[in-house]
Amino acid sequence: MSFRIENDDEVLKCVHMNADVYKVCLQHALSTEKEEVMGLLIGEIDDNKEAHVSALVMLRRSDKRKDRVEISPEQLSGAAELAEKLADELKRPMRVIGWYHSHPHITVWPSHVDVRTQLSYQMLDQGFVGIIFSVFSEDKASKEQEIQVTCFQSVGSDTMPEKRDIDLYIVPTATVSEPCLKAMVRLPEILVEEERETHDKACNLAVNNILSAVYNDAELTKAMCHIAELVSLPLFTTVDKLYRDSESKVNKLKQEKENLLKQIKRLQEISHKEN
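Each residue of the sequence shown is one higher than the one before, starting from 1 at the first, in full-length UniProt numbering.
Hints were generated in silico from the structure; no laboratory data involved.
None of these values were measured; they are calculated from a predicted model.
Errors might be hidden in some of the hints.
To be verified - Pairwise CB distance ranges (calculated):
1) E84 with L205: 38 to 48 Å
2) P73 with Y243: 32 to 42 Å
3) H272 with V239: 41 to 51 Å
4) A19 with P234: 14 to 24 Å
5) D245 with D47: 30 to 40 Å
6) K273 with D47: 50 to 60 Å
7) H272 with V250: 29 to 39 Å
8) V239 with I210: 34 to 44 Å
9) F236 with I270: 44 to 54 Å
10) E219 with L260: 51 to 61 Å
For every residue, glycine included, the Cβ atom is placed at its ideal position computed from N, Cα and C.
From just these sequences and the hints, can you work out the full model?
This is how it looks when you write it as structure tokens:
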């Protein structure tokens with residue numbers, strides 16, 4: 001059976017992504033330079049066919065080949081549960097409305113595999129959208145690195161799908177929301193889980209080989225140090241700054257409250273004297 005989406009069947013007009021979601025997606029994309037990473041986007045699609053992304057779920061890679069990203073049923077189920085929880089908290093129809101993945105050292109344009117994957121998701125939900133972050137791309141002349149982002153859907157038949165560009169708008173946010181903060185803190189845990197899984201698989205293939213066991217342990221230690229230095233430490237600095245900024249705002253609000261209470265008290269005293 002063939003499936004087809006016509007180009008004029010405009011299911012989605014544009015995507016509005018909260019700045020804190022964009023920040024965490026980018027942090028995830030920059031966490032590894034060798035393999036692609038992937039996550040799911042949570043939000044809602046309004047009556048004007050505009051998507052609003054307000055949360056995300058980082059996915060653990062089951063296949064660490066550099067050009068492979070896959071979603072396991074368990075992780076998809078977990079994302080759906082988070083969307084339901086957010087829907088109850090925010091009293092809005094939140095659900096999984098898209099996916100994102102990284103393109104380290106390659107162009108931002110979706111590959112034919114990306115376009116086919118996107119089409120398969122749209123078979124289940126025609127409002128589903130894909131976002132790609134191109135990272136670690138260096139201009140050979142200036143030696144400067146640049147980050148590019150593209151947002152797309154697929155049109156055409158499942159035998160010859162094509163991409164359709166979707167406008168992406170980043171919506172400023174005053175702070176990092178709780179769901180995004182939790183996802184941000186979860187990143188080092190995901191990377192550690194992936195490295196331990198790789199280590200365990202390598203050990204199972206080299207049973208009773210002492211040299212292989214020593215080598216595998218050394219590689220695991222090296223990977224853990226890499227995660228601590230390049231992910232955990234910068235993350236700690238970021239979270240600490242957020243905490244200090246929040247603490248400063250709370251102190252300012254307390255001071256404003258005290259000043260207002262004093263003004264109210266003075267006005268009440270003046271009012272009593274006049275009466």
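Each hint, compared with the structure:
1. E84 with L205: 38 to 48 Å: holds (40 Å)
2. P73 with Y243: 32 to 42 Å: holds (37 Å)
3. H272 with V239: 41 to 51 Å: Taking Cβ atoms as reference, H272 and V239 lie about 49 Å apart, which means the hint holds.
4. A19 with P234: 14 to 24 Å: holds (18 Å)
5. D245 with D47: 30 to 40 Å: holds (36 Å)
6. K273 with D47: 50 to 60 Å: holds (57 Å)
7. H272 with V250: 29 to 39 Å: With a Cβ separation near 33 Å, H272 and V250 satisfy 29 to 39 Å, so the hint holds.
8. V239 with I210: 34 to 44 Å: Given about 41 Å between the Cβ atoms, the range holds.
9. F236 with I270: 44 to 54 Å: Holds, at about 51 Å.
10. E219 with L260: 51 to 61 Å: About 60 Å separates the Cβ atoms of E219 and L260, which means 51 to 61 Å holds.
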